[in-house]
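Trainee: Following the hints, position chains Y and H with the ligands against chain U.
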Amino acid sequence: MDYIILAVIGLFVLFALLFLRMPVSFAMFLIGFIGVVAVVSLDAGFNILAADVWYQFTSYSYSVIPLFILMGEIIYRSGMADKLFEAAYKWIGHFRGGMASTTILTSAGFSAVNGSNSATAATMATIALPELSKYNYSKSLSAGSVATGGTLGIIFPPSAVLIIIALQMQLSIRDLFLAIIVPGILLTILLIANIIYITFKDPTHGPAGARHSVKERLISLKGVLPIAILFVFVLGGLFMGFFTPTESGAFGVFGAVVIALVTRRLTFRKFQIAISSSLKTTAMVLMLVVGAIVFGRFLTVTGLPNALAGWVEQLAFPSIVILLMILFVYLIGGAIMDALGFLVVSIPVFFPTVVALGYDPLWFAVILCVVTSMGAITPPVGVNAFIVQGLAQNTPITTVFRGTISFIIVYIIFIGLLILFPQIVLFSI
Amino acid sequence: SPNNEVDSSTNEGTINLSYATFPPPGTFPNIQMNKWAEELELRTDGQVEVDPFVGGSLLEASNMLDGVSAGVSDIGLTATTYEPGRFPLLEIAEAPSGYQDAEISSQVVNDLIEEFSPDSLEDFKVVTSFATDPSYIQSINPISSLEDIEGEQLRISGGVSSVLEDLGASPVGLPQDQVPESMQTRVIDGNVSSREILMDMNLANQAGYVTDYPLTITIFVVVMNQQVWEELPDDTKEVIDELNKEMSLFTGQYLDGHIEEAMEWGEESEGVEILSLDDGEEERWDNAIEGMQEDRVRRAEEQGLPGEEFQERLYELIEKYSE
Amino acid sequence: MENKQSFSTKERIWESDQGLKKTSKTNIIIKMTDHINQGMAVLAGIALVAMAVLVVLNAILRMYIAPIPGTPEMVGWFAGITAIFSLGYAQLSKGHVFVDLLIIKFTDTWKKITHTLMNLLSMAFFLITGVIIILYGVQLLNNNTLSETLQFPFYPLVMLCSLGFVGLFLAILKETILIWRGMD
Ligand code: NA
Ligand code: NA
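Residue numbers (my numbering), protein chains in the order written: chain U, 1276 to 1704; chain Y, 390 to 712; chain H, 2 to 185.
Honestly, I wouldn't trust all of these hints.
Unchecked claim - Only part of the chain H face toward chain Y is listed, based on derived beta-carbon distances under 7 angstroms:
hint : residue
1    : PRO68
2    : PRO73
3    : ASN145
4    : LEU147
5    : THR150
6    : GLN152
7    : GLU176
Claimed, not checked - Simulated pairs of lysine-lysine, DSSO-like, Cα-Cα distance not exceeding 30 angstroms:
hint : chain 1 : residue 1 : chain 2 : residue 2
8    : Y       : LYS514    : Y       : LYS634
9    : U       : LYS1545   : H       : LYS95
10   : U       : LYS1476   : U       : LYS1414
11   : H       : LYS32     : H       : LYS95
12   : Y       : LYS514    : Y       : LYS424
13   : U       : LYS1545   : H       : LYS32
14   : H       : LYS95     : H       : LYS113
15   : H       : LYS106    : U       : LYS1414
16   : H       : LYS95     : H       : LYS106
What the hints assert, rightly or not - With the Cβ distance kept under 7 angstroms, some of the chain H side facing chain U (calculated, not the full set):
hint : residue
17   : TRP78
18   : LEU88
19   : VAL100
20   : VAL132
Bear in mind the hints are in silico, worked out from the structure with no lab data behind them.
We put the CB at the ideal spot given by N, CA and C, even for glycine.
Next comes chain U alone, as it looks inside the complex (with noise of 0.2 angstroms):
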């Protein structure tokens, strides 16, 4: 029991030396190094540290995560979502509101090929902030939509928090993948209807476009094209089986070079730009995985995890209750640190819990993912606010934040039902 006591210590000198502003990887390689030499001994601490730094960091399975991110970072600095734009905005514009749901689709699109939501956003913010100006939407209806898809970055595959998930709950990359494409489409309709509700109710939010004929929306697929080839190419050859997930992310580097080339957008300064923030992003990423590996370590020699796990079952309350209380520390934690940083910290705690309960855990990997997306966009720590702001012009980080309220409240009605329904999640596995 005494070491339980110390596990929570643990957790609480953690949290303090977070909002310190240690990075977050730092201080769990930190806590979770010193919280094994208090319970072991010095010698463990540094086996422990040694050996996870050394085997984890150069583990075949995590090999994916840098491969990944290169892709989807070749991908955004040859700058092809802009295409993309372009075909979505001929297909929907002319709806009301047509231009912000021409966003969010361009951006499920653009995810198809890139893993991660602040270079989701960061991208849309360049493409469709302008337009979205030039035909007066309104400055939170803009900042809203634009943040919000920029979190479908992470929701379609390739996803970088997906692969982390997977591989810390021991789960098939693959698998994740294809299971969370039904509910991403899903996501995607409700966004967009919520944006044709947004401007039904108030259509100075967003007027309509001009419409296209049936001709010009057939010629602007063939900017959908490389796309739409890449996705086929890599996460198809992935789903039918030709590719390991490790070797589907090295055919999209292969991919999105030999596509950025052949259409003339990559230059060799462009690829040493995608590389040089490929290691950055790959640095940050493992950093924060294999620290999250060293505080398990830690939480796992003083059996907490187990113990609340135990504990929970006992609880008189129904399983859902408890679900609902971890989904709101979820809820709580995204909107007050970083989302990714959080997610990595709460599996090795709360992961045993949910399979004790007897939830899928699959099915809790999809849930965790739309929460931790969902963490880009609440306030007060937003990572896709945060950026829009940043490149929106004169745009107050509280017009954002106003701006992604409604679909905030989107996000939640959709997590619901997916606890209503887990069959949409369940049933494609």
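Mentor: Positioned in the frame of chain U, the structure of chains Y and H with the ligands alone reads:
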């Protein structure tokens, strides 16, 4: 608790021993662990309790020995086959030697470890040791001749991959947990391991054929941190020593029964077909892999270890336990 | 409050376009930090590309001839170099995510003091990490540990990884110096 200090907060005088393993829950090394823990608690009248950490949650295969030595866990289960270079003598026993089942290989290995006490285990207390039934080729395509196996990409644990090269196949090193997915995607054409995984990992779903030709074995050793051992009371030490051979036999027998069950299930429910080699073919295979053990004996001798003596004793013991 | 916060967030997304921040007053530690981390980032970049090439090559070869032996092992090593050698490089542009929700309410002096304290803690920790990784390499050498498939004595690679933590240490040191120069 992960150390064996007397835990004052619970029953007075209770000793807690942490026990780390790397295979997933439910697999035979963990069944062995549970049985051992149960017997130990029983025979010490509840004086000793075991805290299990399975599936690599505390220590993973690659770091098991170093981790136990550093005191991360009091006890740890390691597979010497996963640590090539560290056990030159035991590597001789891994090579195909004519073990008929896990009951025989486990007892042979247990005796050999006791008699030859490998250098790498010097700083540990050996709790018990056992081995798998020989590995068999479990493949997507039927393999019943050297021509069939030529160029097949088969997953095998790294330490014994040379046996596949000798047979003309192309060995692939992959973590065990990636085997089913890799087979499904045809990244590999088959798997070479003890056959219980046909059922345990549902491999029978992919592998339609098992070639009836025994290959290498995997050796497991359970070690305890030396200092922890020394601090144990004498009666507990006695019980642990008395359990050593019992557990080896138990694990071998359990695994044999489990493999039989897995094969029955595979044949009946999944239509797995067992392919035997005809006489001439079997001789070709024997000739192809003959050199593996000899190479290992030679390597051990070069390092100043009694390789030949070990090999001789190996066959004596196999004969003894095969009766 | 949002200004400072959005600055740091925005910066960690966009710095990649601008390369590394150059400081006007170049101090020897700062110069050395930048050079070492940039040098290691070049190696990390090469490892990343090599990894992608190796995986693609292996997949093609296994379809037509035979896979390259030990590919998963080598891929793991490349991935490790990619991430570990980029640790300091990422830190130079504040790439490791942090939470500044609370700290932005502090006065400037307190902000500097807590930031410095946290940095000193991190630096001490990563210095220890670097040292024990070298010791771990020595241990692997003494135990004759070989990699499972290629049977390669990989301990030098382990020791090399401690450089990544030295780079990270220096990057945090640089950040700490800049805090007091009012440039952070
Ligand atoms: Na995506
Ligand atoms: Na948030």
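Trainee: Now tell me, hint by hint, if it's right for this structure.
Mentor: We went through each hint and held it up to the structure:
Evaluation of the PRO68/H hint against chain Y yields a held restraint, the C-beta minimum of about 6 angstroms falling below 7 angstroms. Residue-level restraint check for PRO73/H holds (minimum Cβ-Cβ distance to chain Y is 6 angstroms; threshold 7 angstroms). Proximity of ASN145/H to chain Y holds as hinted, the smallest CB-CB distance being about 5 angstroms (cut-off 7 angstroms). With 7 angstroms as the threshold, the beta carbon of LEU147/H comes within range of chain Y, its nearest partner Cβ sitting at about 4 angstroms, so the hint holds.
Below 7 angstroms, beta-carbon pairs count as interface contacts, and THR150/H has one with chain Y at about 3 angstroms; its hint therefore holds. Given the 7 angstroms rule on beta carbons, the hint for GLN152/H holds: about 5 angstroms separates it from the nearest Cβ of chain Y. This hint is violated: GLU176/H has a C-beta 33 angstroms from the nearest C-beta of chain Y, more than the 7 angstroms allowed. For the proposed pair LYS514/Y and LYS634/Y, the alpha carbon gap of about 14 angstroms is at most 30 angstroms, so the pair holds.
Distance restraint check for LYS1545/U and LYS95/H: the Cα-Cα separation of roughly 22 angstroms lies within the 30 angstroms cut-off, and the hinted pair is therefore satisfied. With a C-alpha separation of about 16 angstroms, the suggested pairing of LYS1476/U with LYS1414/U holds against the 30 angstroms cut-off. Restraint check for LYS32/H and LYS95/H: satisfied, since their Cα atoms lie roughly 17 angstroms apart, inside the 30 angstroms limit. About 19 angstroms separates the Cα atoms of LYS514/Y and LYS424/Y, which keeps this hinted pair within 30 angstroms; it holds.
A C-alpha spacing of about 26 angstroms is found between LYS1545/U and LYS32/H, which places the hinted pair at or below 30 angstroms, so the restraint holds. Proposed proximity of LYS95/H and LYS113/H is supported: the alpha carbons are some 16 angstroms apart, at most 30 angstroms. Distance check on the hinted pair: LYS106/H and LYS1414/U sit about 28 angstroms apart at the alpha-carbon level, within 30 angstroms; holds. Distance restraint check for LYS95/H and LYS106/H: the Cα-Cα separation of roughly 20 angstroms lies within the 30 angstroms cut-off, and the hinted pair is therefore satisfied.
Taking 7 angstroms as the C-beta cut-off, the interface hint given for TRP78/H holds, the closest approach to chain U being about 5 angstroms. Annotation: interface hint on LEU88/H holds; nearest CB of chain U at approximately 5 angstroms, less than 7 angstroms. This hint holds: VAL100/H has a C-beta 5 angstroms from the nearest C-beta of chain U, less than the 7 angstroms allowed. Residue-level restraint check for VAL132/H is violated (minimum Cβ-Cβ distance to chain U is 9 angstroms; threshold 7 angstroms).
Hint check: violations occur at hints 7, 20; the rest are consistent with the structure.
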